[in-house]
Amino acid sequence: MIRKSWWKTLSVVLLIYTFTAGFLIKVPHVGNLYGSIRNFFFHVPMWFGMMVLFLISVIYAIKHLRNPTIDSDIYSKEYAKTGTVFGVLGLITGSIWANYTWGEAWSNDPKQLLAAISLLIYAAYFILRNSITDIDKRGRIGAVYNVFACAMLFPTLWIIPRMVESLHPGGQGVEGNPGMGGKDLDATMRVVFWPAVIGWTLLGVWITTLKIRFEQLKEKQTVNV
Amino acid sequence: MNSLKTITALFKKDLLLEIRQQYSFYGVLLYVSSTIFVLYLAMGQPEDEVWNGLFWMIQLFVCVNAVAKSFLQESKGRMLYFYSIAGPRDFILSKLLFNALLMLIMSIMSLLLFLLLMGNPLRQPLQFIGLATLGGVSLSVVFTFLAAIASKAQQQAALMAILGFPIIIPQLLLLMKIATIAFSSVIQAGLGQMVLLLIALDAMVVVLSIILFPFLWKD
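Residue numbers (numbering that gives the first Met the number 0), protein chains in the order written: chain U, 0 to 224; chain V, 0 to 218.
Just so you know, these hints were derived from the structure itself, not from any lab.
Since the model is a prediction, treat every value here as computed from it, not as a measurement.
Wrong hints could be hidden among the right ones.
[Said to hold, decoys possible] Distance condition first, Cα-Cα at most 25 Å in a straight line; then the derived DSS-like pairs of lysine-lysine:
(1) LYS80/U to LYS217/U
(2) LYS219/U to LYS80/U
(3) LYS75/V to LYS12/V
(4) LYS136/U to LYS217/V
(5) LYS11/V to LYS75/V
(6) LYS25/U to LYS80/U
(7) LYS217/V to LYS62/U
(8) LYS62/U to LYS217/U
(9) LYS75/V to LYS136/U
(10) LYS62/U to LYS136/U
(11) LYS136/U to LYS68/V
(12) LYS217/V to LYS12/V
Kindly generate the complete structure, drawing on both the sequences and the hints.
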């Protein structure tokens, strides 16, 4: 299924739809967001994509621990890499949004801080991997850390941000779900939002599969030499 | 029952080693006291918030230094020996217990030194002592597992800091937030929830290290 092309086409179609409809539809008037609410179609799907990619990465990490193969290690690493890129993009889109609605790009809001921390946790994963020269050992220890890092996402991204005061939706004193925007997400938004989430996530998977094939080729070459 | 015996035996071995060598305990103690003394020279008696922040930062560095040793001191040969006499779960559990005890003592020590040198801004000292012990244990649990990971890689000491600091931030944030109660006589809402979350976080780390350590152990 992964080699078939229909989902790649779907991803492109959905993203074209996101970029056209996202900028053209009539958006609801929410608080002080005005037109910047359109960023919702780009900022939030980044985090959805990141979570999906990290989840796939941790599944391959567990697979690697149960049955170590070079492939599962490459899969786990590459999904984590793309996930981190999505996270950084989510942080950047969020900062741009915050610049217009909160007054400054980085206001040390708990949401921003904890998102940055979770990305640092994953950055440490790559450093840990690079510090180990033995391939088998690298895969195994990387997988162990990957599982641990994924578990740390629960408090950093899903629990603590809901408990502290924040300007971002979903914090204490602010209603709504941090992801879905709660009641703010009315029908017109949903029409673009969910296709955008699926489109971006598929794009992430697509990028990763390409990188995986490249890594596998490199691996084959080093084996042959 | 057998594993309980192994755990206590390993725990006793660590304790005995500590009592005989008295190297790491006094080493860390000297580290704590000299850092706090330098802080005292630099800041005198700071305000509540600064006091709180400094206290937890010191805890963090003490923990990195105290706990990192626990795996780095074991040579490859000795690890092989443990491998032949005990299971990985018993081994990590004994390490977790020992480090928790070490950090418990260190937390109390540094709290006393803080109170002595940096003044006493605490309105509710008992709560803060409880929190300091809980904080010490939670820091030690996380760093024990990270030390186990780092001991498998090169440049272990540097790696400990790189791996540890991002991961410990959520816990430190929680601890600092909870600790603010000790500075005022008003009880904050949602406090029990945060303490429970901290305990749940510790439990999660312990369970994860029990599950994951067997994979680190094989070499």
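Hints, one by one, checked against the model:
| no. | hint | in the structure |
| --- | --- | --- |
| 1 | LYS80/U to LYS217/U | holds (17 Å) |
| 2 | LYS219/U to LYS80/U | holds (21 Å) |
| 3 | LYS75/V to LYS12/V | holds (17 Å) |
| 4 | LYS136/U to LYS217/V | holds (9 Å) |
| 5 | LYS11/V to LYS75/V | holds (20 Å) |
| 6 | LYS25/U to LYS80/U | violated (36 Å) |
| 7 | LYS217/V to LYS62/U | holds (17 Å) |
| 8 | LYS62/U to LYS217/U | holds (22 Å) |
| 9 | LYS75/V to LYS136/U | holds (15 Å) |
| 10 | LYS62/U to LYS136/U | holds (15 Å) |
| 11 | LYS136/U to LYS68/V | holds (22 Å) |
| 12 | LYS217/V to LYS12/V | holds (22 Å) |
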